[in-house]
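Protein chains in written order, with this note's numbering: chain A, 276 to 583; chain B, 49 to 502; chain C, 4 to 279.
Keeping only pairs whose Cα atoms sit at most 27 Å apart, straight-line, the calculated BS3-like set for lysine-lysine is: (1) A/Lys499 - C/Lys8; (2) C/Lys112 - C/Lys183; (3) A/Lys442 - B/Lys487; (4) C/Lys105 - A/Lys579; (5) A/Lys442 - B/Lys244; (6) B/Lys115 - C/Lys62; (7) C/Lys50 - B/Lys244; (8) A/Lys499 - C/Lys105; (9) A/Lys330 - A/Lys343; (10) A/Lys579 - A/Lys499; (11) B/Lys487 - B/Lys302; (12) A/Lys579 - C/Lys112; (13) C/Lys62 - C/Lys50.
The set of hints was computed from the structure by calculation and includes no laboratory data.
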Amino acid sequence: MKGIKTGAASVYPKKDRNLTRWLFVGPAMLVVLCLLVYPLGSTLLYSFTNKTLIKTTYSFKGLENYIKILSDPDFLRAFGTTLVWTFSSLLGQLLVGFTGALALNRINNRITRPIYRICMIIPWAFPSVAIALVWKWMLNGIQGYIPTMLMNLGLSDSMIQFLSDPKLVLPTLVFINIWFGAPMIMVNVYAALQTVPRDQYEAAVIDGANAWQSFIHITVPHIKVVVGLLVVLRTIWVFNNFDIIFMTTAGGPAGRTTTMPIYIYELGWTNKLVGRASAASILLLIFLIAVCLIYFAVITHWEKEDRA
Amino acid sequence: MKKAIATLLAVGLAASLFAGCGGSETSSAQTAEGATSTAAETDAPLEGEITFWHSFTQGARMDAIQKAADAFMQENPGVKINIETYSWGDFNTKWNAGITTGDLPDISTAQGTGEVVEMINAGVINPMDDIVDEIGRDRFSENALADMTVDGAVYGIPYYSHAQVMWYRTDLLEAAGLEIPQTWDEFYDAAVALTKDGTYGAAFSCSPNDLLCSRYLNYYVVSAGGSLLNDDLTANLTSPEAIDGINFWVNVYKNCSPAETINYTVNDHATLFYQGTTAFDFNSGFMISGVQSNTPEIAEYVRCAPLPRMNADDPVYSAETSHIPLVEWSNTEHPEICKAFIEYLYQDDNYIEFIHAVPVGMLPALSDIATNEAYLNDPTIQEYADCVDVIQEAVDNGHAIGFEHGPTPQASYLTSQGVIEEMFQDIITNGTDVETAAKDAEDRLNEIFDTMIA
Amino acid sequence: MKKGKRVGDILCNVYLIILAVFAVFPLLWLLVSSFKSSSEMLNNPTKILPIQWTLENFKTVLITLNFTINIRNSVIIAAATTLIAIVISSLAAYGVVRFFPKLGDVMTKVLVTTYMFPSIMLVIPYAMVMAKLGLTNTRIGLVLVYLSFSVPYAVWMLVGFFKTVPIGIEEAARIDGANKLQVFVRVVLPLVAPGIVSTAIYVFINAWNEYLYSMILMSSSDKTTISVAVKTLEGADILNWGSLMAACAIVVVPSIIFFCFIQSKLAGGLSDGAVK
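Excised from the complex, chain A in its bound form (with noise of 0.2 Å):
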């Protein structure tokens, strides 16, 4: 097993080491430098601005975005519903494409496992303004599919308003993200699944372990790390999603699906306040790479035990 860390024997001698290894790696550092280093620091720059959309002048305000979004229920209530949004998606997720990994591994069948297989990538291939028109469609209050379903079939006395209903709004989007992410996680899993050595189950059973004990001892040891690497990029790709809640609610009814990044756009494009969006862009990040350093603490944590 390998996991971030690298190991000695991997790596040149130091003498081979020289100046040409930063030929490697200088291109994607420029590109990081170019395309992340300044918009962060503009960005950082407009937070202590006034800076509008439409102007080009702009002058400095210190804390004043910064104590303003702070004391704004608003934004808190958008960090609450990103953390609800990013957390129920990604448990969703994680529960589907984990359990459809392990149901696709245990099928031998040559014949109907990849149709299974095509049939739950489908909607990675959705592009977002499709996953959200499409649903727009079924779940339209008026005509749309599902409701006028489970109406005519008894199990909801009126047409049930997934998109308007304040209760039902922020699942309903959870089960559109996680119905569009479950197929990355499930794909994934499956594929770390199929690296399990074989026999080491057959170990296991030798040794008179169960089902649950050789997928608790074998199977989740084997493939923790890999989940874990996923989980790390879904939950960012989950946390600054905007497009998919942008094109469905975008934020509504009265801010129940509004998620800093659609807070950060009505700051910044509605309101066209760039100096306050771009405080609240900097809280984001802060808050995801805080985030994300619990994981790698994680992550690194289970490569030591597995070396170990």
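Since the structure of chain A is provided, determine the placement of chains B and C on it from the hints.
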């Protein structure tokens, strides 16, 4: 606040001094030359490339403009006109981003006079008095030009006009034995009565990315003789008529509207009427082409009347008139081409062809065209002649929302920030007390005015 | 034991069928809706197959929008992004693994940190940078912007793959006199080819699906991507659900065909690198 206005005035005044002088000189010179017609083209051939942004994503209008541009390019081989179309919702975002990227057009439409004021406030568009004079200042409605005049300079030329009226379905009213509502109370009763069997009386839509709540609240407030802006240009959502209006529309939402409309934009909303889902709607003459293309079988039952009033004996009023203008951007390198092309668009034949792209939906901004035979020779305009009269009367007597106090940035921000829409969503979804929500929204608007207009 | 296994298999199949139905239904609904007339959609909301199949929606969409150009743009932009990102990222990932025993760990973490920047925060500064470079409204500009999220992602994934290559093979080649780049291209790359392919697919899909940057940075309809073109349709005045579904079908179906071809490669992904 006062300081902000003073600064704005000063800047505008300075601009208008230059523009005004230049404008009047060129215009008089050109009227002299005007006798030999297309004087500009004979002087020196026009050469260069201009970009024209518009938000007419609807096929026929897009085609009419493209056709005019192609013909213009044929007449002026040195000229290239690039046309870009953005949906109504993206249009504002695009030019806002363009101020940052410098990627702006030479000519564009604007989504109404409010957006023109926003553009003036951002300092990105040119006065157009010379072009107005060339086309004929007295051919435009005074109200229309006034809505785009800041400190004596006109910053936009009305391309077409429309106004908000009440649309209804004669078949549904007749079946229910109802009269055409004259007052808000009658409208409400009729809408409630028609909400049954999958049909809804009227929709009330609240997407914060659009302005429908502001628009509907404004009808009610104007009909009561009020305004959403105070004389000192602060927002007013807490006047007795505004509070009544908020309550009125919340009731319409609760009792006559599909629940889903809480997230609907103008397009989603209008589609409900186009498809025959709603019995009443408030909109401009665009309703007709919408119904014709979506559900042609109900088109003959669609008619309009003036907006409901407080009391049946109140005079007929107009709550909202829109003049969709063309504007010229300050960064243009070819003002002479912009001028020639805009004038070309307003030549009778080209203009009528454009207006005919959405008959009744777009009413001519040029008064003489309204009686032009070629213009009147259109089956839809003839079939709905009574509707044209109702809308035309509203066009003549109304202003854009908040423009009772002239073209101010406040009027523009009143509708573009989604604050009133969020207030309605809050009341409907969270059950927030109307007066509290109205006060909060009013404070937020005033804060936005202060920040944006400083 | 045997019997328990059979029951387990049946349960697995049932579960997979349920998942597959959930996954496929929206696609199915999208396809059938795109062949229905608007009155049919209104009057028969739960009837799955159209009573009368119509191509009207596809006609409306294809005439209103020049979709072929937008699809071509999306392919070009996504392919260019993928190519550049993969070249840069494999060099970097290899470099990190082989030459930076101490710094490497920090470097990859910094890269992942940059992946955290929300696009909504980056879009305004990018608009400014692109304007200064004169790259606003160009495909090159958009490709550069897409590199900002593609490179960190690709490096993060590729580092895992390169670690699976034993250094012994390279040392042998080095003794034969090949320089570092030659070793990299001739010896290492073929070994990690599957990992590179699956990374490339991820990058391609992300670039293909992107909406926000394209919406803000591209102003010409003949240069913009398909996602933005479809969204423009939604804002158009008179368009019904049928036409919108037809537009979605035009975007989604090619992706699905592409997926069917590459699906065996997709299984690689992160895991091949990190586990093995």
